[in-house]
Amino acid sequence: GEDVEQSLFLSVREGDSSVINCTYTDSSSTYLYWYKQEPGAGLQLLTYIFSNMDMKQDQRLTVLLNKKDKHLSLRIADTQTGDSAIYFCAESIRTNFGNEKLTFGTGTRLTIIP
Amino acid sequence: AAGVIQSPRHLIKEKRETATLKCYPIPRHDTVYWYQQGPGQDPQFLISFYEKMQSDKGSIPDRFSAQQFSDYHSELNMSSLELGDSALYFCASSLLGSSYEQYFGPGTRLTVT
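First to last, the sequence lines map onto chains A and B.
If you're matching positions, the first sequence starts at 1 in our numbering and goes up one per residue.
If you're matching positions, the second sequence starts at 1001 in our numbering and goes up one per residue.
Excised from the complex, chain B in its bound form (with noise of 0.2 angstroms):
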């Protein structure tokens, strides 16, 4: 079965640079979901899309934007890099309806040095 693709899988980039992350739902899926997970931590629920608009927002930082396209696929958006957004990236996709199901991705792991 098809699965959440995130890429790229792993990020390297200098303080105060910028970067983007892509995320391609599980086909059908209306709803993309961004979670943040540092180092030897839980993953933080950041933001989450449907058809388009933003639906709910959690701890994301101004510096970071997002936004979801008419195919479904979103983009997270990082400006301003600090060295703790170094973290694993986790994009999740569901059906509105069902979103007690979240499949997640295998995430894009970025570095900030």
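This is chain A alone, in the form it adopts within the complex (with noise of 0.2 angstroms):
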């Protein structure tokens, strides 16, 4: 996580939107990430960008990155209580074989006021 940081928490009120947001460092990732993992579950792809683009919508999510900060965000519109979990925001750098290999950030704990 040390290459890719996140706010440890985030609270929301139900309805409202949220904003998640990324650093990262390496400037030659070619796709960007947001897995959610909920509580003793595993990590959920919620969507991803390459990295020419600047923006993706996807539903209530919305991607946004700024590749010349480095930053990468994600909202999520009309908060629900099911929106409750940790956010990862994830790189990807291709390797010599061809993969994409993922670094993760420290996830970001999204707690849902009633």
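Note that these hints are calculated values from the structure, not bench results.
Hints may be right or wrong, so weigh each one.
Distance windows between CB atoms, simulated [claimed, not checked]: (1) A:R60 with B:G1058: 20 to 26 angstroms; (2) B:I1012 with A:S28: 37 to 43 angstroms; (3) B:S1080 with A:N52: 44 to 50 angstroms.
Ideal placement from N, C-alpha and C gives every residue a C-beta, glycine not left out.
Starting from the two chains in their separate frames, assemble the complex, guided by the hints.
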């Protein structure tokens, strides 16, 4: 997580928008990702964005990428109690083999206030 | 839709014992990745395989080894277990040409006492 940084905690009122931020250091990242982890569960791939894009929208999720500042954000519209989880930002570097090697951030714990 | 299957889901071992974790990728996925997530930490990449061949290597200790079989399932073998090996071990799978879409299994929680 040292190359990918996130705030540890975020609290949001139900129905409001949540914005989770992430900064990364490697300018050669090919993709940036958001994963969701609920308590005791695995990592769910929420969305990803190619490093040449600056925005991607998927239903309630909006990803913004500022490549110049190496800043990635995830906006969740109309936040619901089911959105409570830890959100991991990740970047990937293409290896010599051709795989995308993921490096994760520390995770942001999103808490929804009723 | 079928997901990545990992077994066992929970495992308790004593120090210096060995453990074997199994991963069954999503059907038709040919690449498997292993990650380790310590308590309160982010997942760390350990190793990956494509067509039974090791493709990339991360921070995997020498005490650990892994392999991929002809049916694409993979096993992570851990020997001389230490207390610090207690973690959640994730397997992920993808198609080689689509490794930007890695789908994770539910994880195996290993506790070393």
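These are the hints, each one checked on the structure:
Separated by about 33 angstroms at the C-beta atoms, A:R60 and B:G1058 break the suggested range of 20 to 26 angstroms. The supplied range of 37 to 43 angstroms is met by B:I1012 and A:S28, whose beta-carbon atoms lie about 41 angstroms from each other. Checked against the given bound of 44 to 50 angstroms, the beta carbons of B:S1080 and A:N52, roughly 45 angstroms apart, stay inside it.
In this structure, only the earlier hint numbered 1 is contradicted, and the remaining ones agree with it.
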